[in-house]
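Respectively, the protein sequence lines represent chains A and B.
Using the working numbering, the first residue of the first sequence is number 1, and each one after it goes up by one.
Using the working numbering, the first residue of the second sequence is number 1, and each one after it goes up by one.
Worth flagging that the hints you see were computed from the coordinates, not collected in a lab.
Since this is a predicted model, take the numbers as computed values, not measurements.
Please note that the accuracy of each hint is not assured.
Mimicking SDA-like on lysine to any residue, the simulated pairs with C-alpha atoms at most 25 Å apart in a straight line are [as the list claims (entries may be wrong)]:
#1 Lys244(B) to Asp160(A)
#2 Lys324(B) to Pro185(A)
#3 Lys133(A) to Glu315(B)
#4 Lys57(A) to Pro311(B)
#5 Lys133(A) to Lys324(B)
#6 Lys324(B) to Ile97(A)
#7 Lys139(A) to Lys423(B)
#8 Lys423(B) to Leu222(B)
#9 Lys307(B) to Leu256(B)
#10 Lys307(B) to Ile151(A)
#11 Lys242(B) to Arg126(B)
#12 Lys133(A) to Pro310(B)
#13 Lys117(A) to Ile151(A)
#14 Lys264(A) to Ser246(A)
#15 Lys139(A) to Leu421(B)
#16 Lys139(A) to Thr342(B)
#17 Lys117(A) to Lys133(A)
#18 Lys324(B) to Ser246(A)
#19 Lys242(B) to Gly99(A)
A few chain A residues that don't get close to chain B, going by computed Cβ distances all over 10 Å [stated by the list, open to error]:
#20 Asp41
#21 Phe61
#22 Glu98
#23 Arg181
#24 Glu272
#25 Glu279
Glycine included, each C-beta is placed from N, C-alpha and C at the ideal position.
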Amino acid sequence: MMEATVESTIEQSADSLVSRPATGERAPVAEGETVGSPFVDSPKMAMRNVDVFYNDKQAIFDVSMDIGSNEVVSMIGPSGCGKSTFLRALNRMNDTIEGARVEGSLRLEGQDIYDPKLDVVPLRARVGMVFQKPNPFPKSIYDNVAYGPRIHGLVDRRADLDDVVEDSLQRAGLWNEVKDRLNQPGTGLSGGQQQRLCIARTIAVSPEVILMDEPCSALDPIATAKIEELIAELSENFTIAIVTHSMQQAARVSSRTAYFHLGKLIEVNDTERVFTNPEHELTEAYITGRFG
Amino acid sequence: MNKSAEKTIDLVNRNLAKRYRAEKRFRFYGLLSISFGLLCLLFLFTDIIGKGHSAFLQTYVALDIHFDEEVLGIDNIDDPAQLMVANYDGVIRKALRDQFSEVSSRRDKRALYALISNGAGFDLQREFSLNPRELLGQTRTFWLVADDDVDTYLKSYRGSGEAFTGRLSEQQRGWVQTWVAEERIEKRFNRIFFTSGDSREPELAGIRGAIMGSLFTLAVTLVLSFPIGVAAAIYLEEYAPKNKWTDLIEVNINNLAAVPSIIFGLLGLAIFINFFEMPRSIPLVGGIVLTLMTLPTVIISSRAAIKSVPPSIREAALGIGASKMQMILHHVLPLAMPGMLTGAIIGMAQALGETAPLLMIGMVAFIVDIPGAVNDPATVLPVQIFLWSDSPERAFVERTSAAIMVLLAFLIIMNTLAVWLRKRLERRW
Ligand SMILES: Nc1ncnc2c1ncn2[C@@H]1O[C@H](COP(=O)(O)OP(=O)(O)O)[C@@H](O)[C@H]1O
Ligand SMILES: [Mg+2]
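Chain A with its partners taken away, still in its complex shape:
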């Protein structure tokens, strides 16, 4: 249902673009300010004036936005514009990169996630991440999913762990395909199955937010469709921030879309608005394919 409507809006947008006034006639936008509605009421995550540096090189400039509870936010933009960098700042994965530095305020339910006293381990249990390339551990399917609950000590009994594994695989839509071979290596699955296994592994620790960095870019269209379906289902229980280079994907899965350009957050709006009537000329240039 939802897919159909979004797709039709995209078609619409293609038509409406022709009849719209030339970009030059738009209301001028103040330099450095994000247009649209980057903020929401009672956000899950609130980022204010975030700068990210790699050594001396600044990759993210003064980005402020919110991610609301149980919404899917997609982040789009030309490659190298800092989408991954910003996403990785949200669960401090940038900590692992030598020379990476994050400034500004990033809060998860009001708590500063860059507080030096905060432990990143529970943070990453609350804000999980799915990566571009499926990266299952070279262990069995079962152990892949069970790893998170084990290290966080979420379950005491083996039977409970079995339940968590089954439930996670169910929710990742993988259970029926793998229930007979849980002891086989996760690396033996197809690419799409591996990615769903990685999603199962992430949701096994019941995170509140799931960050996905181009989760489908290494997958074929059918596997991609399955993951997109899955994202729609997961959004009932989780807050999801997804980076994608595919505008169709952003349009299909997300309710809000953020457009990044050269490290700056240009525009945040309802997905439909971004793809039909972008406020900023750079956004429009991007979605009409003038650069990418």
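Chain A is fixed; fit chain B with the ligands onto it per the hints.
Relative to the frame of chain A, chain B with the ligands by itself:
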């Protein structure tokens, strides 16, 4: 356009023959180098095995030994002390005199006695102590170890051809020939070589002491260098900040790997023996010195193994909230283990063949007793080879080669183990 396409294909075809020829030449060069290497190896092996195989056999002489109370000097058979010090050489000499009754002068007698090894008395003592009551006063035939001169003579003796006589006189050779004729002389498997320590007498010299010394030394080296090396590699790869200091450490580790091993020996001498006043010649010190020597190898190979673990696996672990230590212990180490073990075993193989640093800390001493612990004086296989190759007795030549064979066998076993471990532990993804 069609024309030019034809031309292109013609050109390609013309060049193809040339390319194939070049490729053939290229392959031929490779084949040539490999053949050369194999030839050298073959030469080495045939030489060593040709020289050394005879050391696995040892000449024994059958003598009719009469356990005479008087000659032995035993009056109380229940006294173990008497059994220990009894004159076993005496009964052997008596048996020799009885067999060659024509020998009378002292000089000739001494020449006759020299045909049997000094160590034969100990063998006899062992046999006799097993059941002295039954044997006392009896005559039994025993196979006794012949002297190395007899051994060498018989081994080089082939039918009518020239034989290496060595120190054997005409007369002595006559006696040996008598034994041969009476079938009282025989080459048997040389157990002594594998069960004894070093000796001045080639026929009594064995490599057991050196093997044990090598094992103790390697055990110390492994126990120290593997954990230290892996820990250092983990720190350098995972924790150390990238700055001038770590660069300096890195350069120095690479340099250490190229430092001549004798320098490590000097270091060991100065620090452990002169400063800490640890005893000389013990595997503990040898192992520590070899640890210093193999550490760079272990660290470098461990770092390479850690580096080769895909970053995606690390991110996966961190991404679901594994701590850095959990990431390392659960994911990086298991994946890096085959590489680290291979590096360690190669380091151990290097250490096994190392002589120079051990010479500096006195593991070159002449040690008869087989070491039973890491602080017993010991020598090691390559040093034993060095010592024997330096000995004048001809019988040590074959023993030198045989010891080299044993050392090579150990090296081959270790390298096979490395390959097997790598195959076994390797996980694919
Ligand atoms: N580890 C890093 N070290 C230095 N610069 C980096 C690193 N990762 C990314 N960058 C730089 O930061 C910018 C943003 O990169 P990234 O966030 O990966 O972009 P995107 O995901 O939008 O393609 C790029 O200019 C890139 O070169
Ligand atoms: Mg990216």
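If you test the structure against every hint from before, which numbers come out violated? The structure conflicts with hints 1, 11, 17, 18, 22, although it agrees with all the remaining ones.
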